[in-house]
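The chain contents come next:
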Amino acid sequence: MPKAMRDVFGETLCELKENPKIVVLDADLGSATRALKFKDVCPERFLDIGIAEQNMVGIAAGLSTCDMIPIATTFSVFITGRAFDQVRNTVAHGNLNVKLVGTHNGVCVGYDGATHEAVEDIALMRSVPNMVVLVPADAKETEMAIKAAIAYKGPVYLRISRIAVPDIHGDDYKFCIGKGEVLRDGTDVAIISTGIMTSRAIEAAEILLKDGVHASVVNICSIKPIDRKLIVEVAKRTKRIVTVEEHTIIGGLGSAVSEILSVEWPVPIRFVGINDEFGTSGAPEVLLEKYKLTAKDIIRAVKSF
Amino acid sequence: MDNVALKKTANELRKDIIIETYNAKSGHPGGSLSAADILTYLYFEEMNVDPQKAKDPNRDRFVLSKGHAAPGLYAVLSLKGYIPSKDLKTLRHIDSYLQGHPDMKHTAGVDMSTGSLGQGISAAVGMALSAKVQKKDFRVYAMLGDGELQEGQVWEASMFAGSHGLDNLTVVVDNNNLQIDGSVKEICSPYPIDEKFKAFNFHVINIDAHDFDQIRAAFKEARETKGKPTAIIAKSVKGKGVSFMENAVGWHGKAPNEEQYKQAMAELEKNGEALA
Ligand SMILES: Cc1ncc(C[n+]2csc(CCOP(=O)(O)OP(=O)(O)O)c2C)c(N)n1
Ligand SMILES: [Mg+2]
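Just so you know, the protein sequences line up as chains A and B, in that order. Note that UniProt numbering numbers the first sequence so that position 148 is 148, with each residue one more than the last. Note that UniProt numbering numbers the second sequence so that position 204 is 204, with each residue one more than the last.
If you are wondering where the hints come from, they were derived from the structure by calculation, not from laboratory data. Take these hints with a grain of salt, some might be off.
A few chain B positions that, by computed beta-carbon distances, are all more than 10 Å from chain A [to be verified]:
(1) D2
(2) R92
(3) G147
(4) D181
Partial selection, computed: residues in chain B whose CB lies under 10 Å from chain A [unchecked claim]:
(5) H93
(6) Q134
(7) G145
(8) I187
(9) P190
(10) P192
Some chain A residues near chain B, calculated using beta-carbon distances under 8 Å [stated by the list, open to error]:
(11) N19
(12) P20
(13) D48
(14) N55
(15) G113
(16) H116
(17) N130
(18) T187
(19) V232
(20) E233
From the three backbone atoms N, C-alpha and C, an ideal C-beta is built for every residue, glycine too.
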């Protein structure tokens, strides 16, 4: 059984306690984000700020200027939405070494419904200068992205899913900020995806292969900075692109890819994502179907060219 | 309604909260149960509302700023006649209008969508202000959690309400002393809550959230207070009415399993019979 990505987050935090600069901040959701795991092993560097996300981000900014590496954690909707101005004007404008982690995002938040389902967080964070945006696709990549974020000096937003997805990466996987990854090579079309959708992109590519369609699958964890070179290369090779994300199609991965290709190598693109609407309550798997975020939907997009 | 009738209604409301969260297999029973008596009083005694005229522009308004207590709000809306009671079992289900957090677009009787803590009170201030500007005499009620008081926006809204003397606004703090990670006092203490609201120019009343005499007197006093908004600090028990949920932090956002459901319902049944 693969691990839920938020569980990997909690476990990786515990490993990081050896770094004395690390301090973990929580806004009364530590049980859900798994940040409380860090409290168990390192209570002296765990700060429960209370239900005050804006204050948490401001406190993190202050900590970072005094030689600490703060990791501020809550649901994506609150860290990128409620605290947006604090993120923009205090953290990013100062290029401060603050790590912002959202563990519940997209419709996979599930039963809590629209108010808790960030479907625009990538767009928000991507639009802010200096911000690095990482969206891991499985358990291993979650661990590596967290470690890369800590090694990097500057503001990072990590979008970590609440759920588990099939493992894509082996133990020897190396992740590098700014680099994308070709998981499957094919010349008919390229499926460029991020986060929990990458395993679904692979599933789609396998089904397409049976129909004689050879699809490349490119995983983009580093949404910003993004691997321009790789995206242009696959566009040249496949001439058709489908982008896939558990996020609104406005301003996310699809937009990032389009911004590059429309200038450097225009090709037709289809977008699989949330179509400018809010989420709703329900089971994650049911919601992924409702919002057309399954392998079937990726295949439909590929066949629409 | 006399106190016995109110207690019976509140007991029915508590049963509905258990039925809702049991069928949803998730949701927030603790903070719904602590609010049940005050929700009952608001909808059955205090507020000028009528499900037949759910959109009446002159009706009183209620904002559940602690939106996660949606099961409590839906239960009282159902008992009052806004929502068919059979629908309560669809809480949090796919395509149900009973969302995890209140959604005014889809649910009759919900005056404001909430769920992101700290925001509802500002909306309530806006409603109260609109009554003043339009010279209408409806009243506005907002219910907040005590953990919710940690959000800075609560105090921005309170400073404005106090500064503008919004005497048509009553803020109720459901003071159960618990949030998710533990006790509010230990995590980031809002105490003294009454002195804080006083300093923001509120008239402040401290009550027991489960005593209908005190609830009745407090809302009467709020109504009679002129020139200031009122804050009712209601000392409550999280999970009130279900023995194993009372004062237990673990029951903030967890649904009862079948065995726990049966026990909770049996306890509430028995409590109802004792009132008869
Ligand atoms: C802005 C925001 N941050 C975090 C949450 C997650 N959350 C839901 S309920 C809750 C605890 C609320 O505690 P309290 O206000 O005391 O409510 P009660 O005890 O009455 O249930 C938290 C942190 C949220 N809904 N909104
Ligand atoms: Mg509380």
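Comparing the hints with the structure gives:
1. No Cβ of chain A comes within 10 Å of the Cβ of D2 of chain B; the nearest lies about 38 Å off, and the non-interface call holds.
2. Here R92 of chain B does not stay apart from chain A, with its beta-carbon only about 4 Å from theirs, under the 10 Å limit.
3. Taking the minimum C-beta to C-beta distance to chain A, about 5 Å, the non-interface status of G147 of chain B is violated against the 10 Å cut.
4. With a least CB separation of 5 Å from chain A, D181 of chain B falls inside the 10 Å interface cut-off, contrary to its annotation.
5. Contact between H93 of chain B and chain A, as hinted, is supported at the beta carbon level, the nearest pair being about 7 Å apart and thus within 10 Å.
6. Because the smallest distance between the Cβ of Q134 of chain B and any Cβ of chain A comes to about 29 Å, over 10 Å, the interface hint for this residue is violated.
7. Taking 10 Å as the C-beta contact cut-off toward chain A, the hint placing G145 of chain B at the interface holds, the least distance being around 8 Å.
8. This hint holds: I187 of chain B has a C-beta 5 Å from the nearest C-beta of chain A, less than the 10 Å allowed.
9. About 9 Å separates the beta-carbon of P190 of chain B from the nearest beta-carbon of chain A, less than 10 Å, and the hint is met.
10. Look at P192 of chain B: its Cβ only gets to about 16 Å from chain A, farther than 10 Å, so that hint breaks.
11. Annotation: N19 of chain A was flagged as interfacial toward chain B, and the flag is violated, the nearest CB pair being 24 Å apart, outside 8 Å.
12. Interface restraint check for P20 of chain A: the shortest CB-CB distance to chain B comes to about 24 Å, outside 8 Å, so the restraint is violated.
13. Look at D48 of chain A: its Cβ gets to within about 5 Å of chain B, closer than 8 Å, so that hint holds up.
14. Interface hint at N55 of chain A: satisfied, since its Cβ lies 6 Å from the closest Cβ of chain B, which is below the 8 Å cut-off.
15. With a cut of 8 Å, the hint placing G113 of chain A at the interface with chain B holds, because the nearest CB-to-CB distance is about 4 Å.
16. Because the smallest distance between the Cβ of H116 of chain A and any Cβ of chain B comes to about 7 Å, under 8 Å, the interface hint for this residue holds.
17. For N130 of chain A, the shortest C-beta to C-beta distance to chain B is roughly 25 Å, which exceeds 8 Å, and the interface hint is violated.
18. The closest approach between the C-beta of T187 of chain A and any C-beta of chain B is roughly 39 Å, which is over the 8 Å cut-off, so the hint fails.
19. Hint status for V232 of chain A: violated, given a least beta-carbon distance of 40 Å to chain B, over 8 Å.
20. This hint is violated: E233 of chain A has a C-beta 41 Å from the nearest C-beta of chain B, more than the 8 Å allowed.
Comparing the model with each numbered hint stated earlier shows that hints 2, 3, 4, 6, 10, 11, 12, 17, 18, 19 and 20 do not hold.
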